[in-house]
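Enquirer: Listed below, chain by chain, are the residues.
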Amino acid sequence: MSAPANRREKRIAAEEAGALIARALADGDLLAIGGLFKQGRPMALVREVIRLGRRDLKLVSSPGSGFDVDLLIAAGCVAETFLPAVTLEDRMCPAFRGAVEAGTLTAHCVDALSIIGGLLAAANGVPFQPVAAWKGSDVPAHNPLVAPIQCPFTGAALYATRAIRPKLALLHAQEADVYGNVRHLATMTYADQLIARAAETVIVSVDRIVPPDEIVARPRETSIPCIYVDAVVEIPYGAHPTGSFPLYSIDEAHIEHYADLAEAARRGVDGARDRLADYIAAQVHASPRQEDYIARAGGAARMRALEDEAATL
Amino acid sequence: MSAPANRREKRIAAEEAGALIARALADGDLLAIGGLFKQGRPMALVREVIRLGRRDLKLVSSPGSGFDVDLLIAAGCVAETFLPAVTLEDRMCPAFRGAVEAGTLTAHCVDALSIIGGLLAAANGVPFQPVAAWKGSDVPAHNPLVAPIQCPFTGAALYATRAIRPKLALLHAQEADVYGNVRHLATMTYADQLIARAAETVIVSVDRIVPPDEIVARPRETSIPCIYVDAVVEIPYGAHPTGSFPLYSIDEAHIEHYADLAEAARRGVDGARDRLADYIAAQVHASPRQEDYIARAGGAARMRALEDEAATL
Amino acid sequence: MSLDCTPAELQAVYLSRDLEDGELGAAGASAAIPMAAILLARLTHAPNLQIAGEMFVNPRPRRLWNSMLDDRALGACEASETFLELFGHSHRGLDFFFHNGMQVDARGNINLHFVGGTLERPKMRGPGAANISYAAMSKRFYICTTVHSPRTFVEKVDFVTSPGFLDGPESMKAAGLKGGPRFCITPLAVMDFDPATLRMRLKSVHAWSSIEEVAAKTGFALGIPSDVPITPPPTARELELLRGTVDPEGLLRS
Amino acid sequence: MSLDCTPAELQAVYLSRDLEDGELGAAGASAAIPMAAILLARLTHAPNLQIAGEMFVNPRPRRLWNSMLDDRALGACEASETFLELFGHSHRGLDFFFHNGMQVDARGNINLHFVGGTLERPKMRGPGAANISYAAMSKRFYICTTVHSPRTFVEKVDFVTSPGFLDGPESMKAAGLKGGPRFCITPLAVMDFDPATLRMRLKSVHAWSSIEEVAAKTGFALGIPSDVPITPPPTARELELLRGTVDPEGLLRS
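Protein chains in written order, with the numbering used here: chain R, 3 to 315; chain X, 3 to 315; chain Z, 167 to 420; chain V, 167 to 420.
Hints are computed from structural coordinates only; laboratory data are not their basis. Incorrect hints may appear among the rest.
As the list claims (entries may be wrong) - Quick list of in silico lysine-lysine cross-link-like pairs, BS3-like style, CA-CA up to 30 angstroms: (1) R:K169 with X:K137; (2) X:K137 with Z:K369; (3) V:K305 with X:K169; (4) X:K169 with Z:K322; (5) X:K169 with Z:K344; (6) X:K137 with Z:K289; (7) V:K344 with R:K169; (8) R:K60 with R:K137; (9) V:K344 with R:K137; (10) V:K289 with X:K169.
Pulled out of the complex, with its shape left as it was, chain R reads as follows (with noise of 0.2 angstroms):
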């Protein structure tokens, strides 16, 4: 037996995706994000959270975030981040440390275990997850999400960590059908699948669609089944400037430009806030089409060059 013909897609065009995220994502929401630190971070759907202008989010992602979350806290979408880790890994993210400094930002204090834990309880549809391995560490004493418990078998004390379930995730891969089947050839996922499955509202970007049938072919590796998606959208080269392996690589030249740029308003370096509006500008708002971001990004030639470095690894 073969799908039934007259079946609905969850493919939109990528046009369409910013009214969705808009009818998903309301000021002051929990947003979701793919990925970890440079690789498979939705970008593109990013970049169209910035350009709904949309305020006082909190931010929850995989315990390893970057490049995408500063860009957000740069455009002034963020009131609360429950993100582990914020870092470009070789150096701190700009903006989110300066918002931090500066009291506009609350980075609440959690780590992998209470974010992973709570999505898998979302997942799992409990209110919490047990967490035993945070001795002495002064995280879970300051961490919003976390409460005493006893073991109900053993007496011993341990933590619950409170269920997250996400407004809208957003999330990359490399792959899916029309029907919102999702693919990732990545070998890392991350956390992924756990977000898809704890989130109300799930948009996938993917480098490229395949047909039905080559997801048929291989069951097995449907990361992301269609019922956990509620749309698909092609988006070449939709994670730039972080990578989607194993098509393109990550742009660290890019990264460190932005890098670079925010840090310089961190300092409040003469002109600098202004340089880095205009990125945003440039980037964000005058790019709402994948090709002309592209275009501004380097174009044909580096993508080339990123897809030669993820081939060659």
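Once you have looked at the hints, place chains X, Z and V on chain R.
Expert: Then chains X, Z and V, alone, in the frame of chain R:
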């Protein structure tokens, strides 16, 4: 970089499996069995347990069990079961039913969520897993793995189910490398990964060993990484008479033949106990080598038929 | 209209009509009739019906099998899951699920554990149940049995494996239960539940049976409304799709 | 014996020698030196060392990268995991792990959250830490920093992100902690911990530094034993494997 040249193998010879099981599993221990119902059951390893003459075992498995569990009970190896459903699907498991009704077997009243929750808790390294989906059923009140708890955030009443840490897990998959990286080719893998992460010792039979580079070529398809595996043993048709898809299908006739013998024995039909004992003597005790077992089970022709059925699904 | 169908075929067709487009549901072990119902619904009126909740997503079997829970029964599918994901589905519930039972009682409670004696020392031990949560957590479920006898349909089950309407409206409220069985279909009849008492009553009788036969083969006082129609038979198109596409080997005819 | 190596290379080689065959461990973000140590150990004396706990199993990178946490840094690997499995590893702990720190104190406690002010309104906000559990749950960990300054090495951290030996033996007992930091290696020296007080003390000084320099650049009263040897340099074979196989592009030389 390639793997170190002098790395130890986790592959053992089929003849060594019995000794390893003997070391890992004592009388009275909790044994976990992989697969579900008639697929992916580690039958050759289960027969090894019977040949060792283990007694008073406690059994846990993924939530649906049948043929192998019934055989272990018929062979006198089992004292307690923690198995939600025990059935051959189109008929009941005769030895299980007979032993419970005769009072020689304690069949604990458990369900899928207490078993999966317990394995998940053990895999997670926490003492229990919250469950909030048992409204109205008589099962939780009789389930020895369960205790009532309260959510520390909402005050809601729910349950905790106790971590389950099997002494030994026996699993079957289609492929592994010599270092113990296991790859299921089957679509359904049930609770095999969870069991592997929960158990103290893990032995996996596979239909074939593949070169390490074939594993490295597709790392996301490694279903059970070597770090959870103590030994892999190549046993062609090691799941027979259960299925090992996509390689070979379920030998329903074989299972039916056993069930007829066991059902007659349960009913006390004249001579039926002897015929069941003869079956176990021939299929298990007289066939320690898989080649002998397969020859008795119909040989190459029968295996070919099961392979053909699997290929046409 | 065709009356030339088996009880199992009628059950599958009748169930299929109640499944709505866009819903998500599944069946468990020993589920040829429910599987046929789901597949048929997707071919007739519910192309967006999603089959999920039992470790696979939208299987495409070439033929029907007795189980939904092995690779044989999938043929192919869009994604596979494990019991880990099933844990979550069990808490969120599905739109619909199917149950059969060793005992089914007047309020649709289901017993798969034991009959007679005690749980520890039963007169007859049943198979137990893998998942007892879909009955409580899903929006609705169907009871679909392959037998209709006084031993199966009893006033009160010896043990509630999966809850129907427990002891009625009060006890449902106390247990925090919504949902529950929509109707029960057997080889003889369709029975639904009186909204006030939540007791089973006759809804329609299959063409080959009678009110008297159903009442006699039901082990409790079945409510009999004044007007009991004949269960509507499959249409020609339904039978054609069922036999030509869903069940080409005739599992439901055997 | 070769002295012609960078501090980072010496750190990697020194760490590699302490990793034992058959152990299982990993490093997190910004971990070029630990990754080099692990890969080198597998080539020299620990072919059965397993690299796992951070969502991949036994990576085979063609070169070193600054992170261990993206596909670039893996090259290839035997299996991939997700944060779900990391949740379990974090509770069971590894044989060894590596930490760096914005602040490291006299008892090896690590601060990555803030310096000065309060957590809510810090003078300087750090990146935080993804996983705070490996320090407490693993058999041991190493502190490996790329700077050695009085700002980094302080008497008492402003915030304990990941615990070292807390306030010493009593507080370790109260917190139920075992394990802890084995030693700390910086570009200038190796420091371990006095078993009685669990305070940091000088163990060896790298050839290019001196006891005086280390003491001056440490922001607390570092224990100085009477006999402080020079940190043993890499052997020719170690350097050859490090440069030829582990780090052919010379990330640790830049």
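Enquirer: Could you run down the list of hints and mark each one as holding or not?
Expert: Cross-check of the supplied hints:
1. R:K169 with X:K137: Holds: R:K169 and X:K137 sit about 27 angstroms apart, inside 30 angstroms.
2. X:K137 with Z:K369: holds, 28 angstroms
3. V:K305 with X:K169: Holds, at roughly 23 angstroms.
4. X:K169 with Z:K322: violated, 40 angstroms
5. X:K169 with Z:K344: violated, 40 angstroms
6. X:K137 with Z:K289: Distance ~27 angstroms between X:K137 and Z:K289 Cα, so the pair holds.
7. V:K344 with R:K169: At roughly 40 angstroms apart (the allowed maximum being 30 angstroms), R:K169 and V:K344 break the hint.
8. R:K60 with R:K137: Satisfied, since the Cα-Cα distance of roughly 28 angstroms is no more than 30 angstroms.
9. V:K344 with R:K137: holds, 10 angstroms
10. V:K289 with X:K169: violated, 52 angstroms
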